[in-house]
Structures are given as C-alpha cells and as structure tokens.
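Here the protein sequences come in this chain order: A and B.
For the working numbering, add 512 to where a residue sits in the first sequence, where the first one is 1.
For the working numbering, add 113 to where a residue sits in the second sequence, where the first one is 1.
Quick caveat, the hints were computed from the structure, so don't treat them as lab data.
Careful: at least some of the hints might be erroneous.
[To be verified] Anything over 12 angstroms on all C-beta distances counts as not near chain B; from chain A, calculated:
1. G637
2. G663
3. P694
4. F864
5. R1127
[Unchecked claim] Listed next, the stretches of chain A that the computed footprint assigns to chain B, with coverage defined by at least 3 CB atoms under 8 angstroms from CB atoms of chain B:
6. 911–925
7. 936–948
8. 1199–1208
Here the structure is a predicted model, which is why all the values come from computation and not from measurement.
Glycine residues also receive a C-beta, built at the ideal position from the N, C-alpha and C atoms.
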Amino acid sequence: MTPLNRKLYRDLWRLRGQVLAIALVIASGIAVLAMSLTSMEALTETAIAYYERYRFGDVFASVERAPEYLADRVRKLPGVQAVDTRVVKSAVLDMEGFEEPVIGHLVSVPERRPPDLNQLALRSGRVPRLGYPDEAVLSEPFAEAHGLTLGGTFRAVLNGNWRKLTVVGIALSPEFVYTIGPGALMPDDKRFGIVWLGQEAMQAAFDLDGAFNTISLTLLRGVEPDLVIGRLDDMLGRYGGIGAYARKDQMSNWFLMNEIRQLESLAAILPTVFLAVAAFLTNMVLARLIQMERSEIGLLKAFGYRDRDIAWHYVKFVVGVAAVGIVLGWVAGYWFGLLNTRLYADFYRFPFLLFDPGPRSFLIAAGASLFAALAGTLGAVRAGVRITPAEAMRPPSPPMFRRTRFGRGRLFGALDQPTRILLRQIGRWPVRSALTSLGTAMAVAVLVSSLQWLDSIDHLVDVYFRQAQGQDITVGFANTRSGEVTRELARMPGVRTAESMRVVPAKMRFGSREERESLQGLPAVQELSHVYDASGRNLNLPPDGLVISTQLAGMLQVRPGDRITVEVLEGRRPTFEVPVVATFETYIGSPAYMDIRALNRLMHERDAVNSVHLRLDQNEQARFYRELKQVPQVSAVTLKQAAVDTFYDTLAQTLLIFIGFFVVFACTLAFGVTYNAARIALSERGRELATLRVLGFTRREISYILLGEIGFLTLVALPVGCVLGYGLGALILTAFKTELYRIPMAIQLETLGLAVLIILSATLFSAFLVRRRLDTLDLIAVLKTRE
Amino acid sequence: MPSQSAPPSPPLAALRTHNLTKVYHSGEVEVHALRGVSLELFPADLVVLLGPSGSGKSTLLNILGGLDSASGGEAWFQDLQLTGLDDRGLTEYRRNHVGFVFQFYNLIPSLTALENVALVTEIARQPMSPEEALRMVGLGERLHHFPAQLSGGEQQRVAIARAIAKRPGILLCDEPTGALDSRTGILVLEAIERIHAELGTTTVLITHNAVIADMTDRVLVMGDGHIIEERHNARRRRAAELSW
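The shape of chain A in the complex, shown without the other chains (with noise of 0.2 angstroms):
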C-alpha cells in the first residue's frame, strides 16, 4: 500500500466521528431515494405482471342492457383485441354478527369456462358452478374483514330478494388491487367487498338473460385507446351507455398509478435536501483537514509530488465519506424499499410481490451522493492543491478581524470577552456560520414537513367530515326514485332528519375542454350535507345555474358568470347550458351542485331522488340498520364515521412509520451538521481554548465559548427552519396534489414545538459528545506549539 493510501485510511479513521456525521446524513438522502425508486420499481414491475397474468382490461365501459351479440360486433373495432361482457350491480348485504349494513359489489363470472379478461386470481376454492345461483367467490380483504371462509354463509338482496349465499371461493382481482366504494374516500373492508356470482345467476337474477351491462376490451399492441373509445360510445349510446374509459382512469389502476407518481416526488424532492447538506459538511471538513496538512501538503510537493496527485488523494478522503454513506444507505434503502413495498402490498392487495429490485436504483443513488459530495468539495482540493510548497509550509497568516460599527457600539460594550469571541468568530466566517445555521435550518424544515401531515389529516377531516356533512349516513340507489322515498326514509326508527339528493353522471364541457363529473343536485339551502367552502362559510345554491369547486373551475378554466354546456348521461340525457354562478374551495374530489329542483326541471323529471342524506337518534342505530336491510335497491350506504375512522386507521398505519423515519433522518441531519461544525470549531480554536484553560478558565466557561457558537447558529435556524419547513410542506402537498385529493396545509403550534424540541435533543447530543474532548485539551502543549 502507498504511504499517501496508507495516510488516507489513518486520516479517515482519525476523523471517524465526522466521517460517520456526515455518512449518516448521505445515507438518510440515499434511503429515501433508493427506498423510492426501489418501490416504484416493485410497485410497477407486479403491477404490469399481474395485469398481463391476469389480462387486466384495456377499456371500460357500462351500459344499461346491451344484448350480447353486441359484444361480436365491439370485437371487429380495429383495434380490439378481445372482449368480455358481464353483469355489475350493487346489493345491501347482511353479514352475520355486523350490523352496520354492507354494500357488496357484485361482479358475473361465467360459470362454464374462465373468464376472456379480467381474471381471478384465487386465493382458495373455486368459481361458482352452473346451476348453483348461490356460490359466490368473495374478495381477500372483505372475506378476511368478516372472517368468512370456505363453506362461510351471508345474505345478499339481489334486486330486492334476499339470497343467502355461499362461499366457494376467496380470490383478487387486478381490477380491484384499490377498492373504495361509493361516496367513500379510503377502502373499508368491512363495509364494502367484492362478490362474484355466476354469470348465469346474475342475468336470471337481475332480467339480463342474454344481456350484459359492463364490457372490457383489450387492444392490440401500440393502439391509443382514445380511437377505440370514440367508435364504442357510439356504438353503446343506444343502450344507455354513459362514456367508455381507459385503464388509465379505471379506480383502482388510478390510484395505483397516482401512488407511483407520488413516490417519484418524494424521491426529488427529500433526497436532495440531505444530499446538499452532505456536500456542505464533507466541504467543510475537508477544507479544514486541507488547512490543517498545509505543511504537509508543502512537503510532498516540495519532494516532488504533483497537484493532481495530491488533489486526487484528497478525492480519495471524499470518495471515502462518500462509500461509507453509500453503503449504510444502500443497506437502509434496500430495507425501507422493502417494508414500504410490503405495506404497499397488504393496502393494495397484490396477489405476489415482485420485490427484486436491480442495481439501477442503488447506483442511481450512490451516484447522485457521490456527485453532492465532489461538487461540494472541489472548489476546496483545487485551492488547497494551488498553494506553492514554500507558501505551504510558511504558517498561515492570522486571521484579520476588524472592529466594526456594531463591535464599537455600546451593546457590544456591555458583552464580556467569551461572548465576543463567540460573535466575532460566527461574523469572521459568515458563509459558512450561515451554511450551518442553513443546514439545522433543514433538519428542522424536514421534520415540520413530516409532521405536520398529522395536523393536515385532521385539519381535512374537520372540514371535510365534521364542518361540511352534517348527516351520519347516506343511502344511494340503484335507480332514480320519487322524493317520496325521502320521506319513508324520514319515517323509519331513529331517524331524526332526511335530504334528498340526485346525483347524475354528465359531461361538461367550456370550449375546447371537457370533464366527466356527477352533477349533484341538493336542497337551495341544505340542513344536512352542505356545500361548503373550506374557508369556513356554507354556500346556498342559486335557483338556477351551478355551484362548482375551484378544482373543476381550473380544470375547465371557467368563472363564474361562464355558461357552460353539461350533457347528462342517463335518463333522457338531455344537453344544457348553464351558467357558473360561484365556485367555492374543497379537498376532495372536483364536485358541481345545483338545486335539485332546476336539476330535475332541465332533466324533464319531477321530484326525482337517488341519494338520500340522514341524521339518526344514536340510540336507535342499530334498529334503524335492521330496518335498512329491508329497504328495495339500495345499492350504496356510506356511514360517515366509519369514513372517518377508516380514514385515520388507513392513514394511520403507514403515516406513523414514516413520520417515524424522517424524525430519524432529521436528527441524523442535525446531528450531523453540529457535531461537524463543534469538531472542525475545537480544531480550529483547540489551542486558543487550551490558551484559555490555562489562563484559568473552568471547563464550563470555555465550553461556553466552543459550543455557545453552536447555539447560537442553531437558536437563529430554528425559526428559519419553521418557515422553510412550512414551504418544503407545501411544496411536498403540492406534489401530492390530484383530482381526487389535495391536502390542505396545516400546523399547529405544538407540532412546531414538537419539531424544535426534537432538533434541540440532537444538537444537545452532539454537543456533549465534543463536549467530553475539551477534557482531553493538552495544555501543555499549547505552551510549545505555534498553530
């Protein structure tokens, strides 16, 4: 080995407190990259096999009743590749020991061969068999909510007759990888779950013999569904069809996809805040050890050794940081990628996980870590390596101070010597006092952009659930039905108020762009289930014309006073124009109301009502849900405090675990940044400090004046670090930000504290470790040494 290689591994071991601060702080960037990227990667590679094993539907499209030979001339659209036809419907179903009622999503399989697309993927038994109406395969998830199993029983209203059905079969579906039901906003097991029936049973059950009302295509390589979509509307418009949709917009493929989208800005964005730091801190340390080894540096070039030599075996220090970092990163992202892809797979519900990431995402990483640490250091190998071996070797001039305005003035009078030594030395070296003060700044900005998703959760739900709905329960149903439904709701035990609502599928269109979205049609001024506007005010509806949500208006780029033209897609199907009255700001979803009654009017329809909202007497719940069950095509009830607290539970999971690393990586940041800047601060000053020691100074007084400059730049980041953590939050919501979902920005005052007490405990740390060194300070040799 070479005496500079052999210099090298004792230098790095010398330095190895520092060397490990700032690799911690490179492998927390490359954890969350490489955690991202690997996810994604296990994410999309399981989803494209289990949509190609499975034959996962390129199109969608329903219909009211088509009959199947339909189906023969959808497969000669250029394009198509093949088709499959099948009966969808809601039922209320009654499992046994939950009283709540459930919404089953019923799905048809043919009992006599396997399905063309869309394939079962069983988990156990079998699919119904011909001439047994009542065996039905049930989704994993809802199966296991109920604690159902093979030989298990429920009941089931199919088209208001109750069934009790059989279970021969618990199977996935890549059609329902997500599955949130109607009005709900995260999946709940217990209360909604997939049922499939026998094809057969289904079409005799529901008057389809011989008619489909759900059909899926797949299409030959490189065809663009949008030239299949167009020829097929027309050809289903007849039988009631309300606009076919690619897989890119089917529910579950979405939310799957928007996942994938999300973690490739998580892996911009966080990584790269720990990366920037890192290239500041291997900067500093290698400047400082550069200083330090000017003689030596002088010597090898005065016995011949050349810059690039030299400046390479300082790269080498920096490689080094760099593959300890790397290594330990590598580590932590492989298994951070794969819990993540775990819990990914049980929300998601993945037949097999293909967690086999390549080296492309780790490479990757460790390349953008060791490209932060050389940018970073550079600049300070190629001075270093400049300076001419006499130059080298003569001491370093003094450093310059001046008394400036502030140091002549009477505050700084009053100010004893530890404390001007403390404040010269942070104005002496402003850059990089504030770098340091930056880079805690982002420890603290990191660890509020984490938490403070626990306060936009709750901020959301206060508005969403607890300000804007007032009812406990909505019940949806298949067909439209009179308002008189409303009023026998209203009579039913425990029911304390009833409002009506008719919701309709439309497009709308303003100009050149168009939107699919339910028009809903509600009370002018509504008691229960308000529009309300997130600011905090409920809006009553105009008479006529549209209220719409600021996320529809964008998306169309109307104001109001614009009329726009919506074109309903049931019932008689009537086109209108209308004018956008107001819009007002929600979280969720991009929704358009209108008074039910200038609703109904423009659909030529009297008093028509397909949702009815409800407040109930807690006390009669229970009897008001037996009661429910008995209640003819009801095809969707959504409870809102199950809603609620699925929501949290979901949330809850995996947000904890991951607000739970990224205090970790915060502290590693902090921890990182002030143990470096202490280390580099008692080398710098180690001999002034020994100076002091010996002049009589207690260890306390001059840990003051080491460490109180540490203090100092991390008192002053705290509040930068609050703002900054406020934008890096909302940069990151931001990036999260869809058409179903934006999450608010939120936080509260204790979560700032929460945030600032936790950076403190990791500076606080790191300070006593370098603490426990002024102990060691050699006195002595302060009386000998020049530098």
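On the provided structure of chain A, position chain B as indicated by the hints.
Using the frame of chain A, we list chain B on its own:
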C-alpha cells in the same frame, strides 16, 4: 535584665518544592523528567531556570504553574499544597494566582489588545484595569488593535499585560523571547523587568539563553531532571544592557 525579642520568623516561600519527581510513560519507555527537585522561591524573587532541552525546566514550570501534576514529592504555593489538588483545584489556582507568558504569545486572535487583557481581569478577584496593565508595558496607544495588527514584540507585551493584570502571586514566562529577534526581545525583557519592579511579583523565566540569566537575582541551572547548580548574581544587569 535586658528584654530579648523572639527572632523574626523566616519569610513564607512563595513557591516551595520538596523532592519533586515526574515520570512520563511513553509506550514502554519511562522518561524521568524530574528526579527529586527541591527549591524555594520567595516573594519578589526574579529567577531564571536555565538548561538545555530535556533538562526538566519546562516540566518544573508546568508543575509550579498548576498545569501538570507531579509523580512524587510535594509542591506548595504559600500554604496551598499544589500536589494534592484535583483538576478543579488547579484551575482555581491558575485563575487566582498564576500569570503565564508563552513563547508564541497565545493571544486570542478575535479579541483586541484591550479585550485580551480584559479576558483575564473579568474573572480575577482584584485585578487592575486592562488599560493600566497595557500602559505598564508601553502599549497605551494600541488598545484597540487586533493581534494580526501588532508586531511580535507588541503581541508579547500584550501577553505580559494579560498575565499581570490579575495581580498574580507568580509570573511564569516560558521562553518569552524565543520567537523574537534580540532587539525586540530586549524590549520584552524590559517590560518584565519594569513589572517586576513595580508589582514585586515572584517571577520565573525559562530560557536556554544564558545572557538573559544576567538580569536576575538567582539562576537555577537544570540538567537531567535535577537542579545541578544555583547561582546568585552579585549585580543584576538591566535588560537594556543585554545583547546577544
């Protein structure tokens, strides 16, 4: 019968050692830096410790200054036994009773001349004002200059002012002119001489420069960890008369 008064009690030594030893362990090697040193230094003494490199003079200074602890024997400052003190005790001793002057000045670069002296007066019990201390060394006009703006001699004089501003019982100077040319060194010695005359501080100077020994009362020559010779100068030469 004529009255007989009791004989006057001997003056209390400012610094006293008895059979002081110091052994350093360097790996498996034992270095006997002091091999039983006994001495007494009285108030207002001006003493030079002379000797070649490795003679033990710095080790002795370190123990007398409370920077190091002895391996054996005793050391006393007045009635305070130094060899029994822990780290806190030694710090207190240095803080209240000892002034140090180093070869390389050891000024705090981020403090002005005045502030470097105030550094010590702020923690002293009965200090003189920093301005007065700096005037005593002839630097009354350079109060607000930083070390980088002062010459070597001026820096050393600031260091002397810093050392005596607390009115210490002992002033220990380790090679105070070692980093200076002879002309500047003489200026520094003159400052030490002046202060010794005005304050009467017990002063110990370490040097390997035998010429400097002529300006003191006593010269303790050290060699191989012992005091091998003690000389008294019949006449102290003034610092201005020295040349090397």
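Query raised in the report: Any of the earlier hints contradicted here, and which numbers?
Result: Checked against the structure, no hint fails, so every one of them is satisfied.
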